[in-house]
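Q: Spelled out, the chains give:
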Amino acid sequence: MRDYVEIFFVILGSFLLIYIALPIAMLIVDQCFDIETLIAILKDEVVLNALKNTFLTAGITTLISLTLGVPLGYVLARREFRYKSLVQGIIDVPIVIPHSVVGIMLLTTFSNAILDSYLGIVMAMLFVSASFTINSARDGFLAVDRKLEDVARTLGAGRLKTFLTISLPLSLPSIASGAIMTFARAVSEVGSILVVAYYPKTAQILVLEYFENFGLRYSRPISVVLIVLSLTSFAVLRWLLRYAKARRSV
Amino acid sequence: MLRLEGVSKDLGDFALKEVNLRVNRGEYFVLLGPSGAGKTLLLEVVAGIQKPDRGRIYLEGEDVTERPPERRGVAYVPQNYALFPHLNVYENIAYGLRIRKVDRREIDSVVRFLADSLGISHLLHRKPNTLSGGEQQRVAIARALAVKPKILLLDEPFSNLDLNTKLKLIEDIRRWHDEFEFTAIHVTHSFDEAVSLANRVGVMVNGRVEQVGSVFEVFSNPKSVEVARFLGYNVFRCVEVESLGLNYDRGEYVVIRPEDVLISDGGLDATVEYVDFMKFSANLTLNVDGIRLKALATINDVLRWNVRVGSKVKVRIKRYRVIS
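Protein chains in written order, with my numbering: chain A, 1 to 250; chain B, 1001 to 1324.
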């Protein structure tokens, strides 16, 4: 007998899949009929600079979130303490706050010190994207059997050495996928950057600016470049991760 | 060698209560006890993974109670072996030596020597998840022995192995113990392992080490009701079994070993309630005047007295022990 329930579920799910994939495809297909504008945009100094700014700040944001977030993830995975659920709640808060509000909050707190600067961009990105690194690091460490750490210590490794030789390498895939999410989230952040740092111009802001000033035709090529770069880096990192995982189990 | 004095630790589900224990140099000490008795916790306290609430731990005369695991020289092989999954067998065995920054060539010779002795030379480049249970256990023991520990702690080392692998490993561990002269504490709930391996045994029940002695001493002469119950002996309150006609003489409990309940041509009337055959013997459950009595009979006796579920037999109690 055919499993009609499953077929029904697949049909329902397909709508959503198509809904996500279609606009991406349409954007690229549409652009194919207007290659000249795309080439012009790719030669535009302003656009190239904006792209450079976006990937540079997102990269720095990811590094900061790793440096500060991985240790926090480890503590959350290994220690029980009072108000732990409060700490966990604070980490997840940025996901639920509207991003324009994030920008207002950051300006209220740090005022002109971060206004229209690289620092401002990075801070806005970090606020909205650090949760991904922290949570994946925590989940990665939780998946490491505590006994492995215990044994490493009885074999002579101190706490830090145990962390560096056992816990960290074993949770690296999870931490890496968290970092990818952080990077992707940072690249796609608009709301808070719009408030905090309209300049230096980032690509995602430029898309908005071109749309408002010149309309769809001129904002689309930048969007295409941005999405191709994002998806490519996303795919490459995912592939690297799978490659590393596959190697481990040989 | 190792001395525990009044060691207590309460983890809620598991606890140690005023544990006193002494393990001698070169000894193979088997700690027996039912699940939940606190055996693993005891090993973790000795290894330094858990800190006792009260009491002191001495290793080679030194108080190591406050010392972290990495400075104790106690190697621990947990029940699931805890091999490092991202390292191959060679790197697993070498781990402790690399941490100590031992010379590369010396590491190589130690690893190859141990791998050779433990019969795992052909596995050195494999990852742990490609090994069988028995192979994993060998790697875990090799990794522990590589750092020349003062004590080797083994937590239920055979619980995940099939019978043949287990028997082979018991034989090998006996040989390695002679060869490397290590001191070991081996935790288990299996009497067989204790009989095969132990120089001395301890019986642990409810967080207390109830009795320590040779296998023969403990099995023939359990000192407490808890030990007798754990060993599977008949334990009754004297007032409840007056009809057995034994001389209790102000004692509170009576302990009867199943092999001391003999089927014969005279004595107490009993009904056979249950028969469980083993290789050369049968475990019986007898009902004597409402009292459930466990007995161990030879196959010869079973045939001779026609023992079946429901049949009537006569039993004599050859020996018993009264505990006050």
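Just so you know, these hints were derived from the structure itself, not from any lab.
Bear in mind the structure is a predicted one, so any value in this text is a computation, not a measurement.
Using N, Cα and C, we set each Cβ at its ideal position, and we do this for glycine too.
Some clues are possibly wrong.
Straight-line alpha carbon distances no greater than 30 Å define the calculated DSBU-like cross-link-like pairs of lysine-lysine that follow [said to hold, decoys possible]:
1. A:K161 <-> A:K147
2. B:K1017 <-> A:K147
3. A:K245 <-> B:K1127
4. B:K1312 <-> B:K1294
5. A:K84 <-> B:K1051
6. A:K43 <-> A:K147
7. B:K1150 <-> A:K147
8. B:K1127 <-> A:K147
9. B:K1148 <-> B:K1101
10. B:K1318 <-> A:K147
11. B:K1168 <-> A:K147
12. B:K1148 <-> B:K1127
13. B:K1101 <-> A:K147
14. B:K1294 <-> A:K161
15. B:K1279 <-> A:K161
16. B:K1127 <-> A:K161
17. B:K1101 <-> A:K245
18. A:K43 <-> A:K161
19. B:K1312 <-> B:K1279
20. B:K1148 <-> A:K147
21. B:K1017 <-> A:K161
22. A:K147 <-> A:K52
23. B:K1223 <-> A:K161
24. B:K1279 <-> B:K1318
Label pairs and their in silico Cβ distance ranges [claimed, not checked]:
25. A:V75 <-> B:R1100: 24 to 32 Å
26. A:V75 <-> B:E1179: 55 to 63 Å
27. B:S1132 <-> A:R146: 39 to 47 Å
28. A:R146 <-> B:D1178: 32 to 40 Å
Pulled from the structure, derived: some chain B residues nowhere near chain A, Cβ distances all over 12 Å [stated by the list, open to error]:
29. S1035
30. D1172
31. G1251
32. G1266
33. D1301
Q: Mind checking the alpha carbons of B:K1148 and B:K1101 for me, to see if they're no more than 30 Å apart?
A: 15 Å, holds
Q: Once the closest CB in chain A is found, is it more than 12 Å from B:D1172?
A: 21 Å, holds
Q: Given the hinted pair B:K1101 and A:K245, is their Cα-Cα distance within 30 Å?
A: Holds - the C-alpha atoms of A:K245 and B:K1101 are around 28 Å apart, at most 30 Å.
Q: Minimum C-beta separation from B:S1035 to chain A exceeding 12 Å: can you confirm that?
A: Fine: 18 Å to the nearest Cβ keeps B:S1035 off the interface.
Q: Need the status of pair B:K1150, A:K147: alpha-carbon distance at most 30 Å?
A: 20 Å, holds
Q: What's the verdict on A:K245 and B:K1127, does the C-alpha distance respect the 30 Å limit or exceed it?
A: Given that 30 Å is the threshold and the Cα spacing comes to 13 Å, the pair holds.
Q: Is the distance from the Cβ of A:R146 to the Cβ of B:D1178 consistent with 32 to 40 Å?
A: Given about 34 Å between the Cβ atoms, the range holds.
Q: Would the pair B:K1148 and B:K1127 pass a check requiring their Cα atoms to be no farther apart than 30 Å?
A: 24 Å, holds
Q: A range of 55 to 63 Å was offered for this pair. Does it hold for the Cβ distance of A:V75 and B:E1179?
A: For A:V75 and B:E1179 the Cβ distance comes to about 44 Å; the hint is violated.
Q: Beyond 12 Å from every Cβ of chain A: is that where the Cβ of B:G1251 lies?
A: 45 Å, holds
Q: When you check the alpha-carbon spacing of B:K1318 and A:K147, does it fall within 30 Å?
A: 48 Å, violated
Q: Check the hint pairing B:K1127 with A:K161 against an upper bound of 30 Å on the C-alpha distance.
A: At roughly 21 Å apart (the allowed maximum being 30 Å), A:K161 and B:K1127 satisfy the hint.
The structure does not agree with the numbered hints 6, 10, 14, 15, 18, 21, 22, 23, 26 and 27 stated previously, though it agrees with the rest.
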